[in-house]
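Number of protein chains: 2
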Amino acid sequence: MNTGTTSKQTPDEKMTGQKTTGHPSPTWIETPPKDNSFRAIFKWGNPEAFKNPSPGFLRVIQRELKLSDMDFQRMQCIGNEPVSMEKPSALDPRDVEVLRDIVGEDNVSAAVFDRLKFASGKAMEDLMQLRQGRVKDICDLVVHPRNRADVEAVVGVCHDRGISVHVYGGGSSVTFGLDCPKGGVTLVMSTHMNRLIRFNETDQTITVESGMMGPAYEDLLNRAPETLGADKAYTGGHFPQSFEFSSVGGWITALGSGQASSLYGDAADIVVAQEFITPRGRVETLAYPATATGPKVNDMMKGSEGAFGVLVSVTLKVFEYLPENTRKFAFMFPDFESAVLAGRRISQGRFGMPAIFRISDAEETDVAMQMYGLEGGVLDRILKLRSLRPGRRCLVMGQAEGECGFAANVVRNVKKIARSHNGMYLTGYPMRKWYHGRFSDPYMRDALNDYGILIDTLECSTTWENLHHLHRSVRAVVKATPDTICMTHASHFYAQGTNLYFIFITRMADIKAFRTYQQSIIDAIEKAGGSLSHHHGVGRMMAPWMERHLGTAQMDALRALKTHFDPKGIMNPGSLGL
Amino acid sequence: MNTGTTSKQTPDEKMTGQKTTGHPSPTWIETPPKDNSFRAIFKWGNPEAFKNPSPGFLRVIQRELKLSDMDFQRMQCIGNEPVSMEKPSALDPRDVEVLRDIVGEDNVSAAVFDRLKFASGKAMEDLMQLRQGRVKDICDLVVHPRNRADVEAVVGVCHDRGISVHVYGGGSSVTFGLDCPKGGVTLVMSTHMNRLIRFNETDQTITVESGMMGPAYEDLLNRAPETLGADKAYTGGHFPQSFEFSSVGGWITALGSGQASSLYGDAADIVVAQEFITPRGRVETLAYPATATGPKVNDMMKGSEGAFGVLVSVTLKVFEYLPENTRKFAFMFPDFESAVLAGRRISQGRFGMPAIFRISDAEETDVAMQMYGLEGGVLDRILKLRSLRPGRRCLVMGQAEGECGFAANVVRNVKKIARSHNGMYLTGYPMRKWYHGRFSDPYMRDALNDYGILIDTLECSTTWENLHHLHRSVRAVVKATPDTICMTHASHFYAQGTNLYFIFITRMADIKAFRTYQQSIIDAIEKAGGSLSHHHGVGRMMAPWMERHLGTAQMDALRALKTHFDPKGIMNPGSLGL
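Going down the list, the sequences are from chains S and A. Take the first sequence: its letters are residues 0 to 577, numbered as in numbering that gives the first Met the number 0. Take the second sequence: its letters are residues 0 to 577, numbered as in numbering that gives the first Met the number 0.
Just chain S, same shape as in the assembly (with noise of 0.2 angstroms):
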């Protein structure tokens, strides 16, 4: 969803506001947060942009929230304060001089602010932590090799002293996947190990450091014959919302998905190979394209979550660059229904899939209308004469990509079939507004927050058959909460199902409350049959359902292969339930 405006300022520009029409404007907050203040941790993105709610994406708030220009007027805490706290290292100092001569004294850090910095994902419960300059758990002491044998030395270390070890790369974890419950340390790949390694034209694969983030490895590819030397400009194929501040290594540890995964897959699929440290020793898999050579490491690797070793380099497919060929495409459905049927039959279609294809639900499609300001409007005077009325239509949205006659084949096909399910087409318009804000997002969140209200995101997959039981049943528990927007869509499809992602903003300050209201959201998906993650994976948030989930058996199997990797269990400890 594309929910707000954007704007850049400079870190000399104060607090300013902007105006609404009709309405008295809040004051958003748009300088940079203070220097090694909590802010800086918890603030999404570039610490010079910001992203605040959309005149029409107020009123939506205002109105289902039952909140008054009244709940405008004061800031909750807005966490400028520095982290300024004592908190001493637990590690042995003898340790921590051995891990110092590793790396040098310039790629380790014992500052408070550092450790709590590189322990902190995006969860919401993170942010309201930080905001209210709470410290949960931290590691010891941040490192940040500088190549491969840094990182074989520091786990070699960590495994002698039994040192707890943890990874970070992009930071944006959503599931606690970066809290240290028993210190030790947090190991940064991003500062150093984000090299390009090899690039092969003719294989179409790209070795890089695992610590790469998402711009630079787009750019390296979409560039490719300046960058590389290549004949032509590839894509990685792989946007995940968090695109810009992840990590190519995070993507793949925590099987991500791109927004585009409908055609290219979800990052597990882009994977050729890795290379891992862990406790055990090195181990890299081969690159082939296919082999009959037994179960497959490289396979039982992905979505390891750091808890078996530190994944340090990775071989991805490329995929040639076609910007030129994409179209892009958009339809009103009467109902959500209907239009999921669509959905279906496109992705059994036989006929490939479009890059991006979305399904938003009635309640998400409302407040697109609002937000986009259309409601009320001549579209909208349209659509009610067609029948597609507020509260049950169902927006419908996506892209096609590749070469130019599949491109054309696809979105043939995907009218042919909206058409026959009741689906206006509404030219590319609402696709071209959502792609423009499509990494953006999340800066509104921190806005959001500014006065206590919480906007957060629960997601799962699901079968076909299963579908609508799921959304019901989950967005019943959610909408329990009074006053509550619950907004759902599809964003991910296979010919066997699709994901469903929750947004849901409330108001509620106290984070226990919320900590239990965000469980109760797991429980229902769980309950209702989702599985607990389609792209966030599972660090700590999922871990205390994965047993029930999974059931002993496959959870026996992940806990050999963590006793296997990692005997002491020092990696990650207490991720994905191990």
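The hints are simulated quantities; they were obtained by calculation from the structure and are not laboratory data. It is possible that part of the hints are untrue.
Computed footprint of chain A on chain S, listed as stretches where at least three residues anywhere in the stretch have a Cβ under 8 angstroms from a Cβ of chain A [what the hints assert, rightly or not]:
1. 125–139
2. 143–156
3. 295–303
4. 316–330
5. 344–352
6. 364–373
Residues from chain A that face chain S, not an exhaustive set, calculated with beta carbons under 7 angstroms [to be verified]:
7. F350
8. N408
9. V410
10. T462
11. S530
Heads up, the beta-carbon is just placed ideally off N, CA and C, and yes, glycines get one too.
Starting from the known structure of chain S, fit chain A onto it as the hints suggest.
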């Protein structure tokens, strides 16, 4: 390659000869094997079906192997002797009784013929041993489980008593996957455990017992409106050469690939969920289209070849069956390099893939031209006029499937790329010839073996980058044995590479000499950077190379899983090198 002529006869018919134009006709065996004979075990497929080399193919063999008509006067041992030796069971009679009590009297057999039959695969050496009446490592008892509870009980007893357990699906292993080096029990899954469990048209999934055979599976789906009360007809999309005599479970546990894998994926890609009985208990994975709940146990069981447990049921993806959209094509390229380059461009072209795509190297192409009676004809003259000459030219063919616009666009792009690499369009004729005989070639092996002519295959996968080096290196080793045909094709395509499938034909009667020869080829594949297997699996044939190929770190991970699921090492011991 379609290299023969087929016939079916009643058991009453006697050995007959087939006239081959201009040559004295060898006598081919066209009577079913005698009951309880070695031949009844090793003969491929339907006892009453035969396929003899076509006159063209025979001419090539005679010429290349320097055989005179005299060499086709007298057959080698044909193995029609009864399996009559004594081979006492090593099992404690009390254990046999317990097992018999589980499955019932009718479902166990200690007869040597049965024990030999279900411990024999279809590797060349299996056939040679059986032909000579030799009995290698066989099981002590054949058990035909009726259901999952039987398997659980049998595995439980065997785990308690330390009895080895082997699993027989269709018996088409070519990697010594069915050998029983420690005797024990062989479970025959295809006798009873071949039933439909569930069909879900909404999710396009089917759940079957692992012993269902290929044709029953495909027929069930093709006739889904009748057999399953479905709205549409479906296909499984998996057609290995062994299709008619292989089981669904075997496809998955040995990581098979079908002839249409370039579109439908390899067996591993088609699996949604699995249910195994291991000595450690039942392991059932969940049927989600995708998840991010940590490393996937579903993936780590694929390719386990019975070494972790017994696959009892499996949920697979099905695809809408659209045979009316099939489009066949074929081209002749001036050389292997240009054919491979075109194959790579097609695989990387972002327009989807043909379902079937095959590139024959020059030697295979020359054999095909002879076989189809094209050499020296009008087409041959046209080809030569266009500088498409024997010894260099390469045949490429395939078949597009899917939604009609998709299939048409694939063919349009294939033609465009082929043309730009000097491929001459040959219509769909050669593809139709190949398609017609695509499952029946294994029959011909028995006919040639009767005259001491070996025809065997080894296969591997490769990146595009390494393809030509691998092809040259392996051919050099195959051809180092004088008077040997070596035909190579690539038949499973990915953006990152393909497979190479080597067919070698030579005259060799000595088993030891053959084993040395075969091992030298496997060694050449491994040394030249091919994977040990693309789709035949590991079994015991590739096992000695596994540590060198995958490296100790990957093998240690497999050993850890083996120890977890099968702490006493009773499950298919020695397979996978575990």
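Q: Check whether three or more residues of the region 295–303 of chain S sit with their beta carbon closer than 8 angstroms to a beta carbon of chain A.
A: holds (count 8)
Q: Answer holds if the nearest beta-carbon of chain S is closer than 7 angstroms to that of F350/A; otherwise answer violated.
A: This hint holds: F350/A lies near chain S, its Cβ roughly 4 angstroms from the closest one there, short of 7 angstroms.
Q. Taking 7 angstroms as the limit, does the beta-carbon of V410/A come near enough to a beta-carbon in chain S?
A. V410/A check fails; min Cβ-Cβ to chain S is 11 angstroms, beyond 7 angstroms.
Q | Per-stretch coverage check for the region 316–330 of chain S, three Cβ contacts closer than 8 angstroms to chain A | A | holds (count 4)
Q: Examine the region 143–156 of chain S for residues whose CB is less than 8 angstroms from any CB of chain A, and state whether their number is three or more.
A: violated (count 0)
Q: Apply the coverage criterion to the region 344–352 of chain S and chain A: a residue qualifies when its Cβ sits closer than 8 angstroms to a Cβ of the chain, and three qualifying residues are needed.
A: With 5 residues closer than 8 angstroms to chain A, the region 344–352 of chain S meets the three-residue bar; holds.
Q. How about T462/A: closest beta carbon in chain S under 7 angstroms, or not?
A. Hint holds; T462/A Cβ to chain S Cβ min 5 angstroms, cut 7 angstroms.
Q: With a C-beta cutoff of 8 angstroms, work out whether three or more residues of the region 125–139 of chain S approach chain A closely enough for the coverage to hold.
A: With 0 residues in contact (Cβ-Cβ under 8 angstroms with chain A), the coverage given for the region 125–139 of chain S is violated.
Q.
Taking 8 angstroms as the Cβ threshold, is the statement that the region 364–373 of chain S is covered by chain A upheld or broken by the three-residue rule?
A. violated (count 0)
Q. Once the shortest beta carbon distance from N408/A to chain S is found, is it less than 7 angstroms?
A. 4 angstroms, holds
Q: Have a go at the S530/A hint: is there a Cβ in chain S nearer than 7 angstroms to its own Cβ?
A: Hint on S530/A: holds, closest Cβ of chain S at ~4 angstroms, below 7 angstroms.
The structure fails to meet hints 1, 2, 6 and 9 from the earlier list, while all remaining hints are met.
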